[in-house]
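Engineer: The lines below spell out each chain.
Number of protein chains: 2
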Amino acid sequence: MCHFFPYCLLPEKSYLCRKFSNMAENPSQEPVKMPGKYELIAELSKFFPTENASTIVATGDDATVVEPDGNQVVAASKVFVENVHFDLTYFPLRHLGYKLSTIAFSDVLAMNASPSQLMVNIAVSDRFDLKMVHEILSGVTACCETVHADLAGLDLTTSPRELVVSMTAIGECEPARLCTRKGAAENELVCVSGDFAAAYTGLLLLEREKKVFEKNPGAQPDFSGKDYLLRRELKPEPRIDIIENLRREDILPTAMANVSEGLATAVMQICKASHKGCVLFEEKLPMTELTFVTLKDLDIVHTVAALNGGDDYELMFTIKQADFENIKKVENVSIIGYIKEESAGYHLITGDNVQVPLQAQGFRLP
Amino acid sequence: MCHFFPYCLLPEKSYLCRKFSNMAENPSQEPVKMPGKYELIAELSKFFPTENASTIVATGDDATVVEPDGNQVVAASKVFVENVHFDLTYFPLRHLGYKLSTIAFSDVLAMNASPSQLMVNIAVSDRFDLKMVHEILSGVTACCETVHADLAGLDLTTSPRELVVSMTAIGECEPARLCTRKGAAENELVCVSGDFAAAYTGLLLLEREKKVFEKNPGAQPDFSGKDYLLRRELKPEPRIDIIENLRREDILPTAMANVSEGLATAVMQICKASHKGCVLFEEKLPMTELTFVTLKDLDIVHTVAALNGGDDYELMFTIKQADFENIKKVENVSIIGYIKEESAGYHLITGDNVQVPLQAQGFRLP
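Line by line, the protein sequences are chains A and B. According to numbering that gives the first Met the number 0, the residues represented by the first sequence are 0 to 365, in order. According to numbering that gives the first Met the number 0, the residues represented by the second sequence are 0 to 365, in order.
Keep in mind that the hints are not guaranteed to be accurate.
For identical chains, the list gives no copy identity; a pair is met inside one copy or between any two copies.
Derived lysine-lysine pairs resembling DSSO-like cross-links, with alpha carbons at most 27 angstroms apart [stated by the list, open to error]:
#: 1; residue 1: Lys319; residue 2: Lys271
#: 2; residue 1: Lys209; residue 2: Lys283
#: 3; residue 1: Lys271; residue 2: Lys45
#: 4; residue 1: Lys283; residue 2: Lys45
#: 5; residue 1: Lys45; residue 2: Lys327
#: 6; residue 1: Lys214; residue 2: Lys45
#: 7; residue 1: Lys181; residue 2: Lys36
None of these hints come from the bench; they were simulated from the model.
Next up, chain A with everything else stripped away, as it sits in the complex (with noise of 0.2 angstroms):
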């Protein structure tokens, strides 16, 4: 199904979920049907063990449950659609598996909950065996485990032609410590996990190839010295690290929100929540060597690549100016502007210091 990686472009160690190997190496290329899903959910939940004390009922019942014991729960809901969300052309099956797993839980994390259950369905067509449900699952399980959170609900069913996969990730929160998107308030600093425009850059080289390939079946892509930026697209890492290493530091961001569209997205939904405006600069916007020179090949503007690009999956949060000196010590975070009166609207500062209003692809701009 995947032409360009037969089976995973990154190590398998990194993220093989071994469980499945045994099962995987001997695909029974039987169809999923729905004769017998009883017991091929009940087959397959054998491979999820639940870990958390939190989660009392997983697979196998009318419904989850979940013992939160004075903890808020969070709940994040997605439904992805293939050729509209992945394309599995060039998308291994398990990096899709892991992949929509850390995009449920990116929005759970946004709330600086911990999560602690995930619930997937998972819709395909006779196109795909028992084999390639097991690849899907070996990619959840395995982002499961990053974050230590259960794979507590699967069911399986059928969908006419394009996959369909739908996540619920659930988590918890202790009330004092939830981050919504209001709570921004004037002279804040905005603050960012990670680099941008990675995941972008990545999506580009692959569909790139991906016409090559359709014009020419034959050809495998170079992607030599690329990982990064398909590791980007391909397999985008939950910033549990972050919330972990926040509460570790004793701050609490007054706002915070998922990067999944863009960074102009992003601060904007923030603001508009907050009732404020922003200036963010362009100079302080992260982005790693590589994806700057690449980006410059496929002659795209970086900056426009890092503010709509999307899907990095990164955290973005405001705190307090009194926590400037504690979140330095917090790994991989960058601070690229601050908090305005709402008046003031949304503003880049560009490198040669003009003010550009931002401009943000889910939002229809007045």
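Based on the hints, put chain B in the right spot on chain A.
Structural biologist: The following block gives chain B in isolation, referenced to the frame of chain A:
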């Protein structure tokens, strides 16, 4: 889109969410586009004020936040794909929203929990306009009102062809009242709410008329006298009344399951989880006269339809014999059999006193 019922089969006032009427009567005919989706979600969310104290963050942030205050949180997630789970030829969109919500809530109710929130994701193709999204959501909110749950999560995205809807229903339960499928004991009574095979019979009528319609697009079907069967298929009700009445009568079922794929699957789900066997009595299976007569006309064995038809969304539960007098006080509940030792297997005693093994759709039997 729905050729049979351009608007609604059932009287509008019975479930039309009037809050939408202004928007629905002034259709923009605007395709649902991704640019502007956040404005659209924010606009739609204004129609869903939240009412439950446990709903801390509803729509408009990265995730939904629930504060269950000592209760367990019950979550059920489903994905529904057009032409697999529903056919828009005869399914009005408002009914669709209602039915899919009922299905999601049914899994929460089947844990003996009270629904509190619903998260909805809709992926639409360019066949859809804003008015059609409103129609779906008006059905969703009407069902939320039925069970006193908040619509507390909404995302819109695109699909290449088929309409895709994912639903995550959330509920709360005192830990001592939680009912899983495990826990049924020998000699306990098997109870069900409502009656069976009506939805399946309604589906058969709709499918039959669809074939007539495909040959002769001018034909309008005549369903006179069959309203109940169509309503069971097109607008099944979440059985929150049963949960509430069991509580009122101080009956705590020992096991419970959602009857979504017929009585045979449900009773086997309880028996397998509880490591027990069972016997059901054909003469005790509740069915309306209308269902019985219509199935006879269609030349379908009525017991097979009740055991394997599906789409009933009734509750099955087991109770101790000591609760026999109290269960009679709960309306719309029938006792249909009892639990036996595991080695007895799963059987039906027919009207002429013959014991036949139960066959379930969702299981491959040994």
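Engineer: Each hint should be assessed against the structure and marked as holding or not.
Structural biologist: A quick look at each hint next to the structure:
1. Lys319 with Lys271: Only inside one copy: Lys319 and Lys271 sit 18 angstroms apart there, 56 angstroms across copies, limit 27 angstroms.
2. Lys209 with Lys283: neither (33 angstroms within a copy, 61 angstroms between copies)
3. Lys271 with Lys45: between (45 angstroms within a copy, 15 angstroms between copies)
4. Lys283 with Lys45: Intra 48 angstroms, inter 37 angstroms, cutoff 27 angstroms: neither.
5. Lys45 with Lys327: neither (44 angstroms within a copy, 40 angstroms between copies)
6. Lys214 with Lys45: neither (43 angstroms within a copy, 49 angstroms between copies)
7. Lys181 with Lys36: between (43 angstroms within a copy, 19 angstroms between copies)
Figure legend: structure checked against the earlier numbered hints; hints not met, in rising order: 2, 4, 5 and 6.
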